[in-house]
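**Q** Please build the complete structure, drawing on both the sequences and the hints.
Protein sequence lines, in the order shown, are assigned to chains A and B.
The first sequence maps to residues 238 to 388 in the working numbering.
The second sequence maps to residues 3 to 478 in the working numbering.
Please keep in mind that the hints were generated in silico from the structure rather than gathered at the bench.
Think of the CB as a built atom: it goes at the ideal place given N, C-alpha and C, for glycine as much as any other residue.
Some hints here could point you the wrong way.
Claimed, not checked - Taking beta-carbon pairs under 10 Å as the criterion, some of the chain B residues facing chain A (in silico): (1) G134; (2) R192; (3) G201; (4) T248; (5) R268; (6) G404.
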Amino acid sequence: MSDPPAIPSPPAPSKRWEHFPHDADLGIRGFGATPAQAFEQGALALVAAITDPALVRGAETVEIEREAPSLDLLFLDWLNALIFEMAERRMIFGTFDIKIGKGRLTARAHGEAVSRDRHAPAVEPKGATFTELAVAEDSPGQWRAQCVVDV
Amino acid sequence: MDISRLEKLSESAWRLSPRDGMRAPAIIYAAETLVSEMDDKVLEQIANVAKLPGVARAAYAMPDAHWGYGFPIGGVAAFDADEGGVVSAGGVGFDVSCGVRTHLTGLTPDQIHAVQDDLAAALYEHIPVGLGAEGELRLDDQEMTAMLSGGARWAVERGFGREEDLLRIEERGRAVDADPAEVSEFARKRQRREMGTLGSGNHYLEVQEVVDIFDPVVAEGYGLKRGECVVTIHCGSRGLGHQIGTEFLREMAVSAPALGIALPDRELACAPIKSDLGRRYLGAMRSAINCALANREIIGHLTRQVFARFFQHGELPLMFDVSHNTCKVERHAVDGGTRDLYVHRKGATRAFGPGDERLPESLRAFGQPVLIGGSMGTGSFVLAGVTTSEERAFSSACHGAGRRMSRHAATRMWGGRQVVDDLRAQGIIVKSPSMRGVAEEAPGAYKDVGAVVDSAEASGLAKKVAFLRPMICVKG
Numbered sequence: 238m239s240d241p242p243a244i245p246s247p248p249a250p251s252k253r254w255e256h257f258p259h260d261a262d263l264g265i266r267g268f269g270a271t272p273a274q275a276f277e278q279g280a281l282a283l284v285a286a287i288t289d290p291a292l293v294r295g296a297e298t299v300e301i302e303r304e305a306p307s308l309d310l311l312f313l314d315w316l317n318a319l320i321f322e323m324a325e326r327r328m329i330f331g332t333f334d335i336k337i338g339k340g341r342l343t344a345r346a347h348g349e350a351v352s353r354d355r356h357a358p359a360v361e362p363k364g365a366t367f368t369e370l371a372v373a374e375d376s377p378g379q380w381r382a383q384c385v386v387d388v
Numbered sequence: 003m004d005i006s007r008l009e010k011l012s013e014s015a016w017r018l019s020p021r022d023g024m025r026a027p028a029i030i031y032a033a034e035t036l037v038s039e040m041d042d043k044v045l046e047q048i049a050n051v052a053k054l055p056g057v058a059r060a061a062y063a064m065p066d067a068h069w070g071y072g073f074p075i076g077g078v079a080a081f082d083a084d085e086g087g088v089v090s091a092g093g094v095g096f097d098v099s100c101g102v103r104t105h106l107t108g109l110t111p112d113q114i115h116a117v118q119d120d121l122a123a124a125l126y127e128h129i130p131v132g133l134g135a136e137g138e139l140r141l142d143d144q145e146m147t148a149m150l151s152g153g154a155r156w157a158v159e160r161g162f163g164r165e166e167d168l169l170r171i172e173e174r175g176r177a178v179d180a181d182p183a184e185v186s187e188f189a190r191k192r193q194r195r196e197m198g199t200l201g202s203g204n205h206y207l208e209v210q211e212v213v214d215i216f217d218p219v220v221a222e223g224y225g226l227k228r229g230e231c232v233v234t235i236h237c238g239s240r241g242l243g244h245q246i247g248t249e250f251l252r253e254m255a256v257s258a259p260a261l262g263i264a265l266p267d268r269e270l271a272c273a274p275i276k277s278d279l280g281r282r283y284l285g286a287m288r289s290a291i292n293c294a295l296a297n298r299e300i301i302g303h304l305t306r307q308v309f310a311r312f313f314q315h316g317e318l319p320l321m322f323d324v325s326h327n328t329c330k331v332e333r334h335a336v337d338g339g340t341r342d343l344y345v346h347r348k349g350a351t352r353a354f355g356p357g358d359e360r361l362p363e364s365l366r367a368f369g370q371p372v373l374i375g376g377s378m379g380t381g382s383f384v385l386a387g388v389t390t391s392e393e394r395a396f397s398s399a400c401h402g403a404g405r406r407m408s409r410h411a412a413t414r415m416w417g418g419r420q421v422v423d424d425l426r427a428q429g430i431i432v433k434s435p436s437m438r439g440v441a442e443e444a445p446g447a448y449k450d451v452g453a454v455v456d457s458a459e460a461s462g463l464a465k466k467v468a469f470l471r472p473m474i475c476v477k478g
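**A** Structure, rendered in structure tokens:
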């Protein structure tokens, strides 16, 4: 019924993530030379739905490991792991170190406790969805990871 | 939406005949202007819902429908377990049992005006709102299990509410057949500190003035009086419900092939009702319903505490509490008989008509209250269920205005401070931890709630009872 979504052009090198519109929720998209970089930028897009990632200090580190049978499910699991850790620890993350190999993700997320005054969080992500979920190499060395997040 | 693809049934009902694997028709209830403004995705999604196994009669979209994931938000569909029917985590959503409750205050607008700023500040400080906010309650595993089983009754038994409230909550405040054992440790952890918290996004607490009465008899039956104020609370099952949605959506999507389900879309994740996965989801989902009912009951209690500081009469009797994102087993008329169906309402409200024995006795003559949430500036409606809603959409109605603009587009159109100042000039005080959040939720980002409820009434889904204008809005 609707045309397949066009593959978006990556934004300028200084900003390797973006949001895309959804009626009620929010699309997040990360780009990178590798899946790991695209996942990292996708995570920044998730954080940017809440607050400006540049406002987040890396005072604490949380380690995350996930396994999934495909890259798109791994991206879904990665985002949902971040959403869980942020909710459970009352934290917000601003930088990430990610490694991906053989369906396994190991990552360190750096952040701090949420501050209503300093972060002024706009929304609280509930979960990452299958809507528009995709991890693809659009051209050699140009990876894209995206989905809609329920907020 | 390309309206030419639809058969016009009436000025407010449109039908897509079964095609491309649809097992039943899809029906959209809305005036032509609203249908035209809907995203094509709404039609695509409701048609996909009609492809699921065991779907009964038709899949429906309410007048406030918009693009969701899997089901459209504002989607209603019922499934017959004996016909291979499914239960869908996507059809319930992440915020299980997100809903609205309205308390009567008996106070006049003048009484609220006299303390409006201080009351707004006190509500904002006393009721935890926004990301990272914590409630004062801490639940150990035993109490968590009791809450997940007991719902609002658990809250009342712990002193966070009143016994008489339970008669004014769907299912008397407790979803039976909840199975807390199916709620994961992750979901429990996410909820440990979140009881009695409002959340963020479109969740809110509003003090509202009843400014219009459309049906005096029903309004009186509900306790609504023109020129009096009410308090409306919109929130859901918080982190616990979100986590249950996350876990089961993934498991259902991955398990579908093994369960013999050809998903028209992966986001329509579902499982046969008569399967271990379906049974586990229903047990967990009903536990999340109880979490939402308990959560709203506690917030109602906190609200009463604040009002008691300002007014001698701080009782705030509960008018009604309805849920929006649920799957419930209900008996409905289908094909000349009655069948027990698993009715999914995602962004839709149950709307039993007058005389329905499932309504509390005090409301039975009037039909079920249907609480239509507004959007800070545009006001809210109270509707009443009507008998025709059974035949139209398994006794369902719309739940709110429905977004007409993405969050991104809203922040390009408005600034949060500007929205707050504009609303203050209209006599509405907004309290929120985030100006960007306010901009994303700007009144103009939503459809015309009046047009939505007019369509609901014209469609025979519910009838208008009262219009409420906000005076104070605490936004998460």
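**Q** Return the numbers of the hints above that this structure violates; sort them in rising order.
**A** none
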